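Going left to right, the sequence shown walks through residues 9 to 332 as this note's numbering numbers them.
Using 25 Å as the maximum straight-line C-alpha spacing, the simulated BS3-like pairs for lysine-lysine come out as follows:
| id | residue 1 | residue 2 |
| --- | --- | --- |
| 1 | Lys115 | Lys216 |
| 2 | Lys132 | Lys115 |
| 3 | Lys132 | Lys267 |
Listed next, with one range per pair, are the computed distances between beta-carbon atoms:
| id | residue 1 | residue 2 | range |
| --- | --- | --- | --- |
| 4 | Thr220 | Gly120 | 22 to 30 Å |
| 5 | Gly100 | Ala67 | 37 to 45 Å |
| 6 | Glu131 | Ala258 | 27 to 35 Å |
| 7 | His303 | Gly94 | 31 to 39 Å |
| 8 | Gly120 | Phe146 | 25 to 33 Å |
| 9 | Tyr211 | Ser309 | 21 to 29 Å |
| 10 | Asp109 | Arg139 | 16 to 24 Å |
| 11 | Gly120 | Phe243 | 46 to 54 Å |
| 12 | Pro310 | Ser117 | 28 to 36 Å |
| 13 | Phe243 | Asp214 | 44 to 52 Å |
| 14 | Leu215 | Ser185 | 28 to 36 Å |
Worth flagging that the hints you see were computed from the coordinates, not collected in a lab. Please read these numbers as outputs of a predicted model, since none were measured by experiment. Quick reminder that beta carbons are idealized off the backbone N, C-alpha and C, glycines included.
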Amino acid sequence: MPDHLPLHAGPFALGTFSRGGDPFPGLVTVTRVRDLSDVAASVRALVEDWDEVLPRLAALAEEPQAPDGAWHDLADLRVHAPIEPGQILQSGANYRRHVVDLVAAEKESVHGATPEEARADAEKMMDERARNGVPYVFLGSPRAMCGPYDEVILPELGEQHDWELELALVIGREGRSIAPEDAWSYVAGYTICNDLTTRDRLYRPDLKAIGTDWFTAKNADTFLPTGPFLVPAAFVGDPADVRITLRHNAVVRQDESTKDMIFDIPRLIAYASTTSTLRPGDLLLTGSPAGNGAHWRVFLSPGDVLEAEITGLGHQRNTVRSIR
Numbered sequence: 009m010p011d012h013l014p015l016h017a018g019p020f021a022l023g024t025f026s027r028g029g030d031p032f033p034g035l036v037t038v039t040r041v042r043d044l045s046d047v048a049a050s051v052r053a054l055v056e057d058w059d060e061v062l063p064r065l066a067a068l069a070e071e072p073q074a075p076d077g078a079w080h081d082l083a084d085l086r087v088h089a090p091i092e093p094g095q096i097l098q099s100g101a102n103y104r105r106h107v108v109d110l111v112a113a114e115k116e117s118v119h120g121a122t123p124e125e126a127r128a129d130a131e132k133m134m135d136e137r138a139r140n141g142v143p144y145v146f147l148g149s150p151r152a153m154c155g156p157y158d159e160v161i162l163p164e165l166g167e168q169h170d171w172e173l174e175l176a177l178v179i180g181r182e183g184r185s186i187a188p189e190d191a192w193s194y195v196a197g198y199t200i201c202n203d204l205t206t207r208d209r210l211y212r213p214d215l216k217a218i219g220t221d222w223f224t225a226k227n228a229d230t231f232l233p234t235g236p237f238l239v240p241a242a243f244v245g246d247p248a249d250v251r252i253t254l255r256h257n258a259v260v261r262q263d264e265s266t267k268d269m270i271f272d273i274p275r276l277i278a279y280a281s282t283t284s285t286l287r288p289g290d291l292l293l294t295g296s297p298a299g300n301g302a303h304w305r306v307f308l309s310p311g312d313v314l315e316a317e318i319t320g321l322g323h324q325r326n327t328v329r330s331i332r
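Please model the complete structure; the sequences and the hints are all you need to start from.
Here it is in structure tokens:
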């Protein structure tokens, strides 16, 4: 656990914890955790019966916290990623300022536009994309996940290891071809994901015609710190206006509201569900705002510390080390 405990919005949240033994699902009430092994085998099992189990969780959160072995101090537990998803859907290029920065930089360096021209053209492109475009979604591997306070281990391949802090939603109902106006009813809750990326492995120099290599660039072990909690959607307030903040070695690198999304959560859910049936426990990452390492020309090195938080969802703290 970090020096200070993570705080969650609402009366309770869910997570996965251990204390020297096998991980167990837990109900978090600020600084205390109730072992939910008598209710379900995992957090994912709870989410699979979300509408039925939510009232029971609310009742358990109000029960007396008797010292009978069911309740633990959060500070005494190891915090794992809160849920094991069936699939991880990730949204690329979904924050307006971030994408405008990238497009404008290309227009200046490649096409010789002035900074003012480049930015105006990029903003016009993003306005058109928001009106008539579609999201860019790809799959991530659940094997890349690690806990919110685990070490991040830099892989052997590549040098430019980067951060991308994201709001992630947890699906709570099965659905296919979901209409945007119905999308909110499919969200069980929210968590934090840091989608780490090895920039210099994103494109294969030996297979340029094929394009991006998402597997190598984004799916190394520990490259998706997740959690600490799954916070029920009803407690989060307006997910279209929460703050995403990341510090790298105590320097603020990302600090943006989710208001800057190009495609909002209903459009992301609708788009993803046109191709893949969404099932309870699936994660959908909503994109990363401006301020990654490539922007600052700073990348991760052994000994670095990443500290991240999203309003109402708690915080992460990951120390970086090399696999070598």
